[in-house]
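K.L.:
Spelled out from the first residue to the last, the chains are:
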Amino acid sequence: MDIVNQLQRQFIDHSTSLHREGIVDDQFTELQKLQDENSPDFVVEVVSLFFEDSEKLLNNMARALEQAQGVDFKQVDASVHQLKGSSSSIGAMRVKNACIAFRSFCEAQNREGCLRCLQKVTHEYSLLKNKLQSLFRLEQQILAAGGSIPVAK
Amino acid sequence: MAAQGRHGGRKSNKMTALVVDDNMVNQTIHHRLLDNLGIENEAVSNGKEAVDIHCSGKTFDLILMDMDMPVMNGIEATRKLREMGIRSMIAGVSTRSMEREVQEFMEAGLDDYQVKPLTVSKLISIIHKING
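Residue numbers (this note's numbering), protein chains in the order written: chain E, 1 to 153; chain Y, 1 to 132.
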């Protein structure tokens, strides 16, 4: 049982640091509470959907901001609004906050500001993705070793 | 509230709900929240689809209506549904929090409004209004 305890400890530490660093907020815990024996992969499924959706949106934003003939800020804003909504729903706090700042630059039609924000949002998104994928890997390792996932409080 | 004679004549005592949101992540989460509370539910992606599903004869005890959607937004869809005589509980669920924006949405015909993200406790408070 030693390896299971070790993995569970790592899981708790990793989960705590996600919250402490503000990468996720209480909404992520709410999401984890929706997972049960009837829907054991719910969090991974929703987060995977979020990753797929976010990458399309980030590409849309990048393409719209690249337009030499003039940036359609409404189009950029529409994608940022979508990302803000879905990041808020899964508890991705830093991504959500980066989107809030991004929307002000869209409103001001400030291309340079938007490009800086896109860089920031992309960075926060990559960080979130790496950290959540590590968390899910730990979960798989715990289950493979015959243990159970510590419950989110 | 019994869903008698709804959904093509199938009688059921289960509450029913319609999720109206263009964001697939939100649709998935709201669907799960409703499932967990034993509420039969389906989802559509914009206000026009919400109106169309009612035109097809379906009705729901509860409609969770997002505000910002393409084709037809939540305000327009709520207004339209009320004009059609739909008396279901319609709860606006949106990220908008400015008083003016929420008021406009409420005046379109909402029974309740909750700021996203939706949680179990917010959903329960909406449902208490149906039963209360």
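In case anyone wonders, no lab produced these hints; they're calculated from the structure.
If you're wondering where the values come from, they're calculated on a predicted model, not measured in any experiment.
Just to be clear, a hint being listed does not mean it is correct.
What the hints assert, rightly or not - Keeping only pairs whose Cα atoms sit at most 20 Å apart, straight-line, the calculated DMTMM-like set for lysine to aspartate or glutamate is:
no., chain 1, residue 1, chain 2, residue 2
1, Y, Lys122, E, Asp77
2, E, Lys33, Y, Asp35
3, E, Lys74, Y, Asp68
4, E, Lys74, Y, Asp35
5, E, Lys129, E, Glu45
6, Y, Lys122, E, Asp25
7, E, Lys56, Y, Asp35
8, E, Lys120, E, Asp77
9, E, Lys74, Y, Glu99
As the list claims (entries may be wrong) - Ranges between beta-carbon positions, derived for each pair:
no., chain 1, residue 1, chain 2, residue 2, range
10, Y, Arg100, E, Thr29, 40 to 48 Å
11, Y, Thr59, E, Asn38, 25 to 33 Å
12, Y, Val120, E, Phe136, 36 to 44 Å
To be verified - If you want the footprint, here are the derived chain Y segments under chain E, 3+ residues with CB under 8 Å:
no., stretch
13, 23–33
14, 48–58
Quick reminder that beta carbons are idealized off the backbone N, C-alpha and C, glycines included.
K.L.:
Taking the hints in turn, state whether each one holds.
P.N.:
Evaluated hints:
1. For the hint pairing Y/Lys122 with E/Asp77, the CA-to-CA distance comes to about 28 Å; that exceeds 20 Å, so the pair is violated.
2. Proximity of E/Lys33 to Y/Asp35 is assessed by CA-CA distance (about 13 Å); at most 20 Å being required, the pair is judged to hold.
3. Between E/Lys74 and Y/Asp68 the CA atoms are separated by roughly 13 Å; this keeps the pair inside 20 Å, and the hint holds.
4. As the CA atoms of E/Lys74 and Y/Asp35 are separated by approximately 35 Å, the hinted pair breaks the 20 Å bound.
5. Straight-line distance between C-alpha atoms of E/Lys129 and E/Glu45 comes to about 14 Å, which keeps the hinted pair within the 20 Å bound.
6. The hinted pair formed by Y/Lys122 and E/Asp25 meets the criterion: a straight-line CA distance of about 17 Å does not exceed 20 Å.
7. At roughly 28 Å between alpha-carbon atoms, E/Lys56 and Y/Asp35 are farther apart than 20 Å, so this suggested pair is violated.
8. A threshold of 20 Å between alpha carbons decides the hint, and for E/Lys120 with E/Asp77 the separation of about 15 Å falls inside it, so the pair holds.
9. The suggested pairing of E/Lys74 with Y/Glu99 is violated, with an alpha-carbon distance near 23 Å, which exceeds 20 Å.
10. Between Y/Arg100 and E/Thr29 the CB atoms are about 32 Å apart, so this pair departs from the stated range of 40 to 48 Å.
11. Judged by the Cβ atoms, the range 25 to 33 Å given for Y/Thr59 and E/Asn38 holds: they are separated by roughly 27 Å.
12. A hinted range of 36 to 44 Å for the beta carbons of Y/Val120 and E/Phe136 is inconsistent with their spacing of about 23 Å.
13. By the rule of at least three residues with a Cβ nearer than 8 Å to a Cβ of chain E, the coverage given for the stretch 23–33 of chain Y holds, with 8 such residues.
14. With a cut-off of 8 Å between beta carbons, the stretch 48–58 of chain Y has 0 residues touching chain E; three or more are needed, and the interface restraint is violated.
In summary, the structure is inconsistent with hints 1, 4, 7, 9, 10, 12, 14 from the numbered list given earlier, while agreeing with the others.
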